[in-house]
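Colleague: Protein sequence lines correspond, in order, to chains D, B, F and S. Okay, so the first sequence: first residue is 1 according to this note's numbering, each after it adds one. Okay, so the second sequence: first residue is 1 according to this note's numbering, each after it adds one. Okay, so the third sequence: first residue is 1 according to this note's numbering, each after it adds one. Okay, so the fourth sequence: first residue is 1 according to this note's numbering, each after it adds one.
Calculated from the structure, these hints are not laboratory results. Computed from a predicted model, the values in this text were never measured in an experiment. Where a beta carbon is used, it is the ideal one built from N, C-alpha and C, also for glycine. Take the hints with a grain of salt, since some may be wrong.
Pairs of lysine-lysine, DSS-like flavour, derived with a Cα cap of 25 Å [as the list claims (entries may be wrong)]: (1) F:Lys75 <-> F:Lys52; (2) D:Lys101 <-> F:Lys126; (3) S:Lys52 <-> B:Lys101; (4) F:Lys7 <-> D:Lys126; (5) S:Lys7 <-> B:Lys110; (6) S:Lys7 <-> B:Lys92.
Here chain F is said to cover these stretches of chain B; the calculated rule only asks that three of the stretch's residues, wherever they fall, bring their Cβ under 8 Å from a Cβ of chain F [as the list claims (entries may be wrong)]: (7) 25 to 39; (8) 88 to 102.
Chain F is faced by these chain D residues, among others (derived, beta-carbon under 10 Å) [stated by the list, open to error]: (9) Phe9; (10) Leu14; (11) Glu18; (12) Cys21; (13) Gly29; (14) Ala30; (15) Tyr32; (16) Ile76; (17) Val108; (18) Asp112; (19) Glu125; (20) Pro131.
Residues per chain are reported as follows:
There are 4 protein chains.
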Amino acid sequence: MTENIDKIFFSAGLSIRERACFETGIKLGALYHILCGIPIQSDENIIHSIEKGIEAAISCQPFVKSIKIDLDREKILRNKSTEFDYDEITGKIIRAELIVKYESVEIVAKIDWIEDLEYPLMYIEKVIEKP
Amino acid sequence: MTENIDKIFFSAGLSIRERACFETGIKLGALYHILCGIPIQSDENIIHSIEKGIEAAISCQPFVKSIKIDLDREKILRNKSTEFDYDEITGKIIRAELIVKYESVEIVAKIDWIEDLEYPLMYIEKVIEKP
Amino acid sequence: MTENIDKIFFSAGLSIRERACFETGIKLGALYHILCGIPIQSDENIIHSIEKGIEAAISCQPFVKSIKIDLDREKILRNKSTEFDYDEITGKIIRAELIVKYESVEIVAKIDWIEDLEYPLMYIEKVIEKP
Amino acid sequence: MTENIDKIFFSAGLSIRERACFETGIKLGALYHILCGIPIQSDENIIHSIEKGIEAAISCQPFVKSIKIDLDREKILRNKSTEFDYDEITGKIIRAELIVKYESVEIVAKIDWIEDLEYPLMYIEKVIEKP
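This is chain D alone, in the form it adopts within the complex:
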C-alpha cells in the first residue's frame, strides 16, 4: 500500500496520538515560516487575500482537516503617508487555528502571540479521539 510506506520509517512505538502531534507541529512550523516576511498593509482586502492564499496552501498538506488564519489587524501599520508605510508579517500578528486529523485522532492547535512570553506560541488546545 503506497499510503503505508511512510509508516515503515516511523518508530514502531509511536502512538497514533503522538504521530498526530508530530504532524500538527510540522504544519504550524511551515505555516509560520511561509508567512514571515510577507508584505502587508492595513487594508481589509489585502489582509483577507493573504489569509485565504496561505490557508489554501496549508490545506494541501497531509492530514490537514482545516486551517483558519486570522492576522491581528490591530497590530498592522495603518497610515499610508509615504511609499514606505507598509508592514511585514511577523510573529506578532500571526494567529491561526489548525485541525489535523490522523487516523482516529483529531488535534486542535493554535498559534498566537503571547504577550507575557513575548513569543508566538504554538500549542495544542485539544486532542479528540474518535471511536
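Knowing the structure of chain D, use the given hints to seat chains B, F and S on it.
Modeller: Below, chains B, F and S alone, put in the same frame as chain D:
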C-alpha cells in the same frame, strides 16, 4: 519631505530609469523567494487563492503599479492518490508580470521559466518614459 | 515561573511524549521552509557554510538538543558553464537529523527524500525516555 | 552562445547600467526574504555562522562579485532566561553590502535599517564603469 529621505542614500548619478530598474529587481527577487516552497496542488481554487494572496502582498510594496501571477498549471502535480501527492511552488511553475512606476518611468518586467536555460529568468520587457 | 507560562495554553491531557513530538514537528516544518529556495551550487565550501548557518539558526529554538543538516551533494547541479548554472535547495536534497529534548523525553527525528513516495518525509525514528 | 540567450528576453533599449541595477535589485530582494524569519540569538558564533551561510548562498547567484552581511548585534535579543528567549531575523537587524558586476559596470549596493523611515532601505551607493 519624508518621501525624499530615501534619495539621499542613493548615488547622485543614478538616473530615474536606473532607479526604476533597481526597484523592479527588488520586487521580483522578493516575489520569487516568497513563493518558493509554498505547498500547492492541481486544484483551480487553491491555485487561484495562492496567486491572489501573493499578488495582494506584492502590491503593498513601494512603486508597484500592478502584479499578475500566473502559475503554470500544466506543471503542477495532478493526482491525489495519497496524502503525499501534493506539490510545492518552485521556479519551474512561477510566471508573473510586474509593472513598476517610479516617477516618470514605467517598467514592464516578467519572470518565466526558460527551458533553454533551465532557469527562472527575471527580465525587463519594456521601459516606458511618460512625458 | 516564566518557563511554565506556556503550559497553561496546552491541553491538560497532553503527555510529555506528545508534547515532545509536537515540538519536533515544529522544528522540522520550520527547517524545511527556511531551507527551500536558498541558492546553492556544487562547491563543498558553499554547501558546508549553508549547512552550518541553518544549523546555527535552528539550534536557537526551544528544546533543540542537536541538529545536523546533510544536503545531498549527488543531486546538486554540477557544472558552472554559464552564470545561470546554479541550483536551489528543494526537498530533493534536504536531509537532516534533529534531536529534541523535552523534559525527560528525547526524540530523534529525520527528514529525507523518499524516492518511493517522491516526497521529503519527516519522521520520528526514536523516542527515548530518560528515567 | 548559451550565455547570451538571456539577452533576447530583455528590452533592446536597456543600457548595461540599467541591467546592472536590475540584477542588483533582484539579489537584495532575494537576500531579504531568505533572511526574514530565521531564528537567531545573541551569540557571536551563531550570528557569524548565519551570516556566512547566507553569504555563501547569495554568492552563487549570477553577477554577484561580493556580498557581506553584517547583522546588527545591538538589536538582537540578549538574555537566555527561558527557552523562549531567542529572536528572529527581521528588517531591523539586516545590514548588507553587495557588489554586482555586469559586463563593464559594477554596482555597490546596501541594505540598512533607516530609523527616520522606519524602513529597511535597499539603495545603490555607487555605480562604477570600468573602461
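Colleague: Each of the hints needs a verdict: does it hold here or not?
Modeller: Each hint tested on the structure:
1. Among the hinted pairs, Lys75 (chain F) with Lys52 (chain F) is consistent with the structure: their alpha-carbon atoms are about 19 Å apart, no more than 25 Å.
2. For the hint linking Lys101 (chain D) to Lys126 (chain F), the alpha-carbon distance of about 22 Å falls within 25 Å, and the restraint holds.
3. Distance restraint check for Lys52 (chain S) and Lys101 (chain B): the Cα-Cα separation of roughly 35 Å exceeds the 25 Å cut-off, and the hinted pair is therefore not satisfied.
4. Taking the CA atoms of Lys7 (chain F) and Lys126 (chain D), the gap is near 13 Å; set against the 25 Å cutoff, the hint holds.
5. The straight-line distance between the Cα atoms of Lys7 (chain S) and Lys110 (chain B) is roughly 13 Å, inside the 25 Å bound, and the hint therefore holds.
6. Restraint check: the Cα-Cα separation between Lys7 (chain S) and Lys92 (chain B) comes to about 20 Å, which is no more than 25 Å; the hinted pair holds.
7. With 4 residues having a beta carbon nearer than 8 Å to a beta carbon of chain F, the segment 25 to 39 of chain B meets the requirement of three or more and the stated coverage holds.
8. Coverage of the segment 88 to 102 of chain B by chain F holds in this model, with 3 residues showing a Cβ closer than 8 Å to a Cβ of that chain against a need of three.
9. Interface hint status for Phe9 (chain D): upheld, as the beta-carbon distance to the closest one in chain F is roughly 4 Å, under 10 Å.
10. The restraint placing Leu14 (chain D) at the interface with chain F holds, with a minimum CB-CB distance near 6 Å, inside the 10 Å limit.
11. Taking 10 Å as the C-beta cut-off, the interface hint given for Glu18 (chain D) holds, the closest approach to chain F being about 5 Å.
12. Interface hint status for Cys21 (chain D): upheld, as the beta-carbon distance to the closest one in chain F is roughly 4 Å, under 10 Å.
13. Annotation: interface hint on Gly29 (chain D) holds; nearest CB of chain F at approximately 3 Å, less than 10 Å.
14. At a threshold of 10 Å, the smallest CB-CB gap from Ala30 (chain D) to chain F is about 4 Å, leaving the interface hint in force.
15. Nearest Cβ of chain F to the Cβ of Tyr32 (chain D): about 7 Å, under the 10 Å cut. The hint holds.
16. Against a cut-off of 10 Å between C-beta atoms, the interface hint on Ile76 (chain D) is violated, since the closest Cβ of chain F lies about 22 Å away.
17. Hint status for Val108 (chain D): holds, given a least beta-carbon distance of 8 Å to chain F, under 10 Å.
18. Proximity of Asp112 (chain D) to chain F holds as hinted, the smallest CB-CB distance being about 8 Å (cut-off 10 Å).
19. Against a cut-off of 10 Å between C-beta atoms, the interface hint on Glu125 (chain D) holds, since the closest Cβ of chain F lies about 6 Å away.
20. Residue-level restraint check for Pro131 (chain D) is violated (minimum Cβ-Cβ distance to chain F is 17 Å; threshold 10 Å).
Hints 3, 16, 20 from the list above are not met by this structure, while the remaining hints are.
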